[in-house]
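S.K.: Top line first, the protein sequences correspond to chains B and W.
Everything in the first sequence is counted per the UniProt record's numbering, starting at 1 for the first residue and increasing by one.
Everything in the second sequence is counted per the UniProt record's numbering, starting at 1 for the first residue and increasing by one.
Hints listed in this document are in silico derivations from the structure and should not be mistaken for laboratory results.
Each residue gets a CB set at the ideal place from its N, CA and C atoms; glycine is no exception.
Hints should not be assumed to be uniformly reliable.
[Said to hold, decoys possible] Quick list of the computed label-pair ranges, beta carbon to beta carbon:
id, chain 1, residue 1, chain 2, residue 2, range
1, B, 228, W, 71, 23 to 29 Å
2, W, 55, B, 19, 48 to 54 Å
3, B, 353, W, 9, 36 to 42 Å
4, B, 303, W, 101, 42 to 48 Å
5, W, 37, B, 19, 57 to 63 Å
6, W, 101, B, 157, 19 to 25 Å
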Amino acid sequence: MTGVRVAGTGLTPFGNAPERTSRDLFAEASSAAFADSGVPREDVEAVLYGNFMGELAEHQGHQGPLMAEAAGVQAPATRYESACASSGMAVRDAVMRVRNGEHDVVLVGGAERMTNLGTAGATEALAIAADELWEVRAGMTFPGAYALMAKAYFDEFGGGREDLAHVAVKNHENALPNEKAQYQKSIEVAEALDAPTVSSPLSLYDACPLSDGASALVLTSEAYAEAHDIDAPVAITGTGQGGDRMALHDREFLARSPAAREAGEAAYADAGIGAGDVDVAEVHDCFTIAEVLALEALDLEPVGEGITAARDGRTTADSDTPINLSGGLKAKGHPVGATGASQIAEVVKLLAGTHPNSEHVADATTGVAHNAGGTVASATVHVLEVAE
Amino acid sequence: MSDESARDAGFDDWLDAAETGDAYYLECPAGHTSLPPRRLCPTCGAAELDERPLPEMGEIETFTVTHVPTPAFEDDAPYATAIADFGPIRVTGQVVDLDPDAVDTGLPVELDVTSSETTGERVIGFKTV
Numbered sequence: 001m002t003g004v005r006v007a008g009t010g011l012t013p014f015g016n017a018p019e020r021t022s023r024d025l026f027a028e029a030s031s032a033a034f035a036d037s038g039v040p041r042e043d044v045e046a047v048l049y050g051n052f053m054g055e056l057a058e059h060q061g062h063q064g065p066l067m068a069e070a071a072g073v074q075a076p077a078t079r080y081e082s083a084c085a086s087s088g089m090a091v092r093d094a095v096m097r098v099r100n101g102e103h104d105v106v107l108v109g110g111a112e113r114m115t116n117l118g119t120a121g122a123t124e125a126l127a128i129a130a131d132e133l134w135e136v137r138a139g140m141t142f143p144g145a146y147a148l149m150a151k152a153y154f155d156e157f158g159g160g161r162e163d164l165a166h167v168a169v170k171n172h173e174n175a176l177p178n179e180k181a182q183y184q185k186s187i188e189v190a191e192a193l194d195a196p197t198v199s200s201p202l203s204l205y206d207a208c209p210l211s212d213g214a215s216a217l218v219l220t221s222e223a224y225a226e227a228h229d230i231d232a233p234v235a236i237t238g239t240g241q242g243g244d245r246m247a248l249h250d251r252e253f254l255a256r257s258p259a260a261r262e263a264g265e266a267a268y269a270d271a272g273i274g275a276g277d278v279d280v281a282e283v284h285d286c287f288t289i290a291e292v293l294a295l296e297a298l299d300l301e302p303v304g305e306g307i308t309a310a311r312d313g314r315t316t317a318d319s320d321t322p323i324n325l326s327g328g329l330k331a332k333g334h335p336v337g338a339t340g341a342s343q344i345a346e347v348v349k350l351l352a353g354t355h356p357n358s359e360h361v362a363d364a365t366t367g368v369a370h371n372a373g374g375t376v377a378s379a380t381v382h383v384l385e386v387a388e
Numbered sequence: 001m002s003d004e005s006a007r008d009a010g011f012d013d014w015l016d017a018a019e020t021g022d023a024y025y026l027e028c029p030a031g032h033t034s035l036p037p038r039r040l041c042p043t044c045g046a047a048e049l050d051e052r053p054l055p056e057m058g059e060i061e062t063f064t065v066t067h068v069p070t071p072a073f074e075d076d077a078p079y080a081t082a083i084a085d086f087g088p089i090r091v092t093g094q095v096v097d098l099d100p101d102a103v104d105t106g107l108p109v110e111l112d113v114t115s116s117e118t119t120g121e122r123v124i125g126f127k128t129v
């Protein structure tokens with residue numbers, strides 16, 4: 001089995017760009033990834049592209065070939081949809097294809113156009129990741145679903161809104177030097193606590209924003225990188241996927257994410273590492289409570305203790321294991337189909353020493369990216385390691 | 001949204017049953033429970049699914065008061081959505097007869113099919129007992 005290297009990464013700015021089509025966004029991200037990689041476009045053998053709500057936002061299906069074209073690549077293309085884990089799934093398939101010798105070079109990434117739908121329209125579009133009959137028709141929104149989990153967490157393990165506010169404050173702080181982030185603005189705990197309620201107990205500052213944006217990665221086999229003298233110091237050494245029942249009410253526990261645990265255990269085993277080896281992680285904080293649940297599912301915090309991690313400084317930039325140094329979905333933004341591959345891009349740069357926050361993880365060799373779909377009925381985890 | 005004239009077989013049948021006090025859940029021979037429409041047990045794949053009466057009383061296990069709704073509930077907000085535990089199965093629904101601020105975990109509820117103030121569509125509801 002060949003190793004998989006990340007030869008190049010590319011991101012658009014994440015933010016409010018309602019007029020930009022997803023094809024334009026992906027063209028920008030993929031161009032940046034090619035420029036970063038030194039890999040010629042004609043060597044690409046497949047395009048794997050994540051997108052969630054293109055039919056609703058742009059009346060556009062069949063986006064694989066469209067995005068290959070936008071990227072200036074003539075190669076077979078596939079679109080992956082797994083709600084907010086769409087491009088995490090695309091990356092996982094890309095890794096497996098390179099490993100099994102099917103391809104030497106792939107372009108993988110994702111894009112999402114959201115803000116053109118407006119808040120109500122985007123809320124409706126995001127809700128289709130839940131069970132339409134049994135959840136959405138009862139009025140459950142996405143913030144509502146995570147609010148149900150947050151309330152269940154507080155009841156089972158303790159903690160409260162102020163603990164969650166510290167997660168938001170931390171991630172906003174981390175985004176300050178990230179020029180691609182939607183919010184480069186620090187916030188205070190009191191401000192977060194005073195923000196309008198979206199779905200109690202979650203307020204506006206517990207929620208990631210609606211974002212437009214795209215991400216792209218050029219992945220190559222180790223052999224290709226060596227033969228072509230490509231500078232690709234970071235390898236994807238572990239990949240894992242987890243699944244769960246679609247509706248939250250059908251899960252055994254309302255305040256845990258077994259699919260993320262399953263994905264994490266698989267990815268750690270695949271890479272031959274344990275949670276204790278993780279130096280830095282990007283986790284799927286679509287809501288502040290989601291970061292808490294992710295830390296616990298990945299064994300970075302014991303179950304029931306993740307709630308205090310940000311408040312007590314165990315996940316801040318100056319801690320041993322900084323979480324979401326990019327700003328996370330909360331402050332960097334969450335163009336859902338682009339998020340999974342963007343997390344990989346952030347970890348690659350953090351490990352390679354090219355991220356504006358690399359100084360906080362100067363000796364780091366192992367990073368993790370965790371991407372979740374819906375209320376975590378689907379999840380991917382990837383392990384990245386410095387290879388040279 | 002699907003064609004308004006088309007029913008969702010299984011789901012709308014369940015709402016019909018719930019309206020006459022005959023709500024049910026499905027149980028396979030191994031005792032796994034689920035909600036329709038199902039041909040197979042989602043846990044073990046068994047094809048023999050028996051309809052069993054939903055216990056009358058449930059208990060609110062977690063809830064949220066939603067202030068930013070989808071367009072289908074624009075005129076309903078703020079409203080409380082809860083997951084209620086009926087024993088063999090949990091159900092998600094809206095708490096209909098209480099001020100949202102008075103909703104709490106542990107409250108006993110029973111099923112009450114209601115309708116959206118925005119669209120008039122049927123909504124699974126809970127009323128306190």
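S.K.: Among all the numbered hints in the text so far, which are the ones the structure does not match?
M.R.: 1, 3, 4, 5
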